[in-house]
Amino acid sequence: MGYFELIIACVFVNNILLAQFLGNCPFLGTSKKMETAVGMAMAVIFVLVLAGTITWLVYTYILVKFGLVYLRTIAFIVVIASLVQFVEMFLKKSIPALYAGLGIFLPLITTNCAVMGVCVLNIDKEFTFLQALVASLFYAVGFGLALILFAGLRERIFLARVPKPLQDTSIALITAGMISLAFFAFQGMV
Amino acid sequence: MIESILFTFGLGSVCGLILSFASKIFYVYEDPRIAKVENLLAGANCGGCGFAGCSAAAEAIVNEEAPVNACILVATENISEIAVIMGAEAGTAEPLKSYNNCDGGNRATDRFIYNGLNTCSGVASFYGGKRDCTVGCLGLGDCVRACGFDAIHLGPNGYPVVDREKCVGCGACEAACPKSILEVRTMSQRLLHLNASYDALAPCAQTCPAEIDIPRYIAHIKNGEYEEAVYTIKERNPLLLACGRVCPHPCESYCRRGIEDEPVSINQLKRFVADMEMNSGKRLPIECAPDTGKRVAVIGGGPAGLSCAYFLRRVGHRPAIFEAMPKLGGMLRYGIPEYRLPKKVLDWEIQGILNLGIEGHTNVRLGVDFDFGSLIAAGFDAVFFSVGAWNDYNLGIPGEDMDGCFTGIDFLAKIGNQEEVEIGRRVAVIGGGNTAIDCCRTLLRKGVDKVLLVYRRTRKEMPANEVEIVASEEEGIEFVFLAAPNKVIGNEENQVTGLEYLKMELGEPDASGRRRPVPVAGSETVLDVDMIITAIGQSPELGFRGKGDRLDDLDITRWNTFEIDPATGQTNVPYIFAAGDAATGASLVVTAIGGGRRAARSIDLFLNGKPVVPQPKALLNTHIPESIFESVDGVKKRQRTKMPELPVSERIHTFEETDLVISEADALYESSRCLGCCRLCYNKELT
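As you go down the protein sequences, you meet chains B and V in turn.
Take 1 as the starting number for the first sequence in the working numbering and just add one per residue.
Take 191 as the starting number for the second sequence in the working numbering and just add one per residue.
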């Protein structure tokens, strides 16, 4: 599979949110305001690229080498969680401007299912290091795309006539389902 | 087996070690309130508040970017605790308390002498009692005897003093008083009470469009109780920082001292305490009544909208403000230039109002993003409509659409929004009101060579505030009086090169009492200018009509304002109420604030399912005839405190605030000039 197909597959066809249904809690939680959604998207890109590559390294050079592949899940969780916590503390002290932009979103996605899912997928599909890096980046871009699209919709829905029982989260879930249906049109492309 | 245990243990300890060192090395000081607030939040990281997780929400609450009740999951007690941390009171129950309305007492003059009668109700039945004042306290203590809780005693000045700690709000004193001196009211009732003809009111308090109890707050300042003074103002006007700066203080023209001496500088005192609160760095907690669960959509975030939302919130409703511009504040932000009202001050004031738990939505326009139908569908129970008057009148002369021609509010709004505006070298501003003066002084600070103010009458007839006219004279603005613009002259590139006007002379007075200008034939004169700003008045923007559900239902007057019942603010659509410039035409900030409160009272009635009727005997800014004097005895002339201001040479180059705040010593002196008037009696200085 070439890199172009890989990118298309990650962003659209296997969109982590709308085709694989991973990471739905931050998707619903941070899509109320466009500003928050953009910040969240950036933070996911940042964390996924870091987590995807580091877990790949841990898997290939430690777990496989010592024959501990069965400890994959627990090792990944601990590694990602400490990594994100560490990066958060580092940013807060050293780059406050960047922290103000993404930092507050970091603890929210520590070993979130989308992050964990991408790391596991990278291993399951037997990607090389470079493929794992590209895949992690573009899974995150796909997440950001879906989140920002959805935030735009929800900002408009807030001002629209919504029947009382359907207001807020329920209309959001229905809308999410419809966008997901639309994304099914990409199936079979790659 | 062994290696997996070793591996897990090793991984755990490595990660743990790295993180504990990191937390030591990368430690950053954080406001301790953030951790406290976060502990009170639900901890579910659900995002229901619109922020990314609970710690982000806690930070936003502490930074005053989110209201204290932002979290949708936690119980009311937690919200109250957060409110306590943030210095605002969310309100638990609304108790009744007794208030004394008359502090005339022994200083009030007597008309009759009664011997042998020693109860208030007794003397009241004979010609209404001994006092000249028909509403004042009789001072014989029926209320003291009626109180079963020992909460009232007669003070040394001959009027009852209520001990708020002991008062339980039983209402016995109110029932015993033959006048209406003691009133047992909840906070909401007091907040929504409109001045009435039976109230004990000084002339200034009758005049104030926001109905502030002026003598009371000045007395607080005199006693050094600055916080009490702020609370007294905030019972009627939530925008005291803005009003303290821009209000043309109609109250001072009715000041009794002004009859014999210069009036008390009331507005400067308001600004003094308002600035005191802001500069103290902490907000005084504002009490709100328990939640009613009713929601009100406030369309337009200007002074009327903010005032209405503030009062609705304080009586327990849930208002949400919808504003078309990028930020809240309306004309305060986009019509009043930075040098009169700094944006930083306005931001602080508006945030204080939003902190009570009011949602603010900006960049949403009626007719484009929402309409009355969608608001009702979204669950709002009533609508307050205060879109202001943003549509500048045109002169109706040829050439008005050339490049270099602007209109007043449009120009000021662009400057206020920090947009780039191409400024000429020599500018003519047409009009004699505050907008015209604001344009002139803004242009001067933008560095133009010459500003000419063209007005068709004379200085005496100019509707602008006197202080503003004086300040612009000092700053070197040239006035061209008795000049009616005739046409705009331009070159081939459609660029303004001059303004032709006709000279006028004053004829007979017209309906407004101002002498009508009459053109002098053949007197055409050309002013050499390359930019023209027309600021001759505004009317509400009606562009939303015909663009959405139910938007054409509101009746419009022939001045293009919205038709309301002036006593209630209700429009022809029962659930829509209006006030501010949209209802009155371009007027004062303080009028909009008063209108907002008047409408809040009606909305409260409407939401409680009561008929929306005017308050009986409401004054609605008319005066009580017996309280307006021709002359005032016993006044010793003492000079009025002058307003400190930046020197002309400094201020004309910057947008720094021009008017400064008076010192504490000056404030104490100025407050001592107040005669402490009530309806009839006042403190004489000479006897």
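It cannot be assumed that every hint is accurate.
[As the list claims (entries may be wrong)] Below, in silico cross-link-like pairs of lysine-lysine (DSS-like), each with a Cα-Cα straight-line distance of 30 angstroms or less: (1) B:LYS164 x V:LYS517; (2) B:LYS93 x V:LYS226; (3) V:LYS214 x B:LYS33; (4) V:LYS737 x B:LYS164; (5) B:LYS92 x V:LYS226; (6) B:LYS93 x V:LYS800; (7) V:LYS604 x B:LYS93; (8) B:LYS92 x V:LYS800; (9) V:LYS534 x B:LYS93; (10) V:LYS517 x V:LYS650; (11) B:LYS125 x V:LYS517; (12) V:LYS472 x B:LYS92; (13) V:LYS800 x B:LYS33; (14) B:LYS33 x V:LYS737; (15) B:LYS164 x V:LYS472.
These are computed hints drawn from the structure, not numbers from a lab.
Verification of the supplied hints:
1. For the suggested pair LYS164 (chain B) and LYS517 (chain V), the alpha carbons sit about 29 angstroms apart, so the restraint of at most 30 angstroms is met.
2. For the suggested pair LYS93 (chain B) and LYS226 (chain V), the alpha carbons sit about 21 angstroms apart, so the restraint of at most 30 angstroms is met.
3. Distance restraint check for LYS214 (chain V) and LYS33 (chain B): the Cα-Cα separation of roughly 35 angstroms exceeds the 30 angstroms cut-off, and the hinted pair is therefore not satisfied.
4. Taking the CA atoms of LYS737 (chain V) and LYS164 (chain B), the gap is near 24 angstroms; set against the 30 angstroms cutoff, the hint holds.
5. About 20 angstroms separates the Cα atoms of LYS92 (chain B) and LYS226 (chain V), which keeps this hinted pair within 30 angstroms; it holds.
6. Between the alpha carbons of LYS93 (chain B) and LYS800 (chain V) the distance comes to roughly 58 angstroms, so the proposed pair goes past 30 angstroms and is violated.
7. A distance of roughly 39 angstroms separates the Cα atoms of LYS604 (chain V) and LYS93 (chain B); the hinted pair therefore is violated under the 30 angstroms criterion.
8. For a cut-off of 30 angstroms, the pair hint linking LYS92 (chain B) to LYS800 (chain V) is broken: about 55 angstroms separates their Cα positions.
9. Among the hinted pairs, LYS534 (chain V) with LYS93 (chain B) is consistent with the structure: their alpha-carbon atoms are about 28 angstroms apart, no more than 30 angstroms.
10. Between LYS517 (chain V) and LYS650 (chain V) the CA atoms are separated by roughly 37 angstroms; this puts the pair beyond 30 angstroms, and the hint is violated.
11. In summary, the hint linking LYS125 (chain B) to LYS517 (chain V) is not supported, as the alpha carbons are separated by about 50 angstroms, beyond the 30 angstroms threshold.
12. For the given pair, LYS472 (chain V) sits about 27 angstroms from LYS92 (chain B) by alpha-carbon distance, which is consistent with the 30 angstroms threshold.
13. Of the supplied pair hints, the one linking LYS800 (chain V) and LYS33 (chain B) is violated, its CA atoms being roughly 37 angstroms apart against a limit of 30 angstroms.
14. Our distance criterion of 30 angstroms between C-alpha atoms is met by LYS33 (chain B) and LYS737 (chain V), whose separation comes to about 26 angstroms.
15. The hinted pair formed by LYS164 (chain B) and LYS472 (chain V) fails the criterion: a straight-line CA distance of about 39 angstroms is larger than 30 angstroms.
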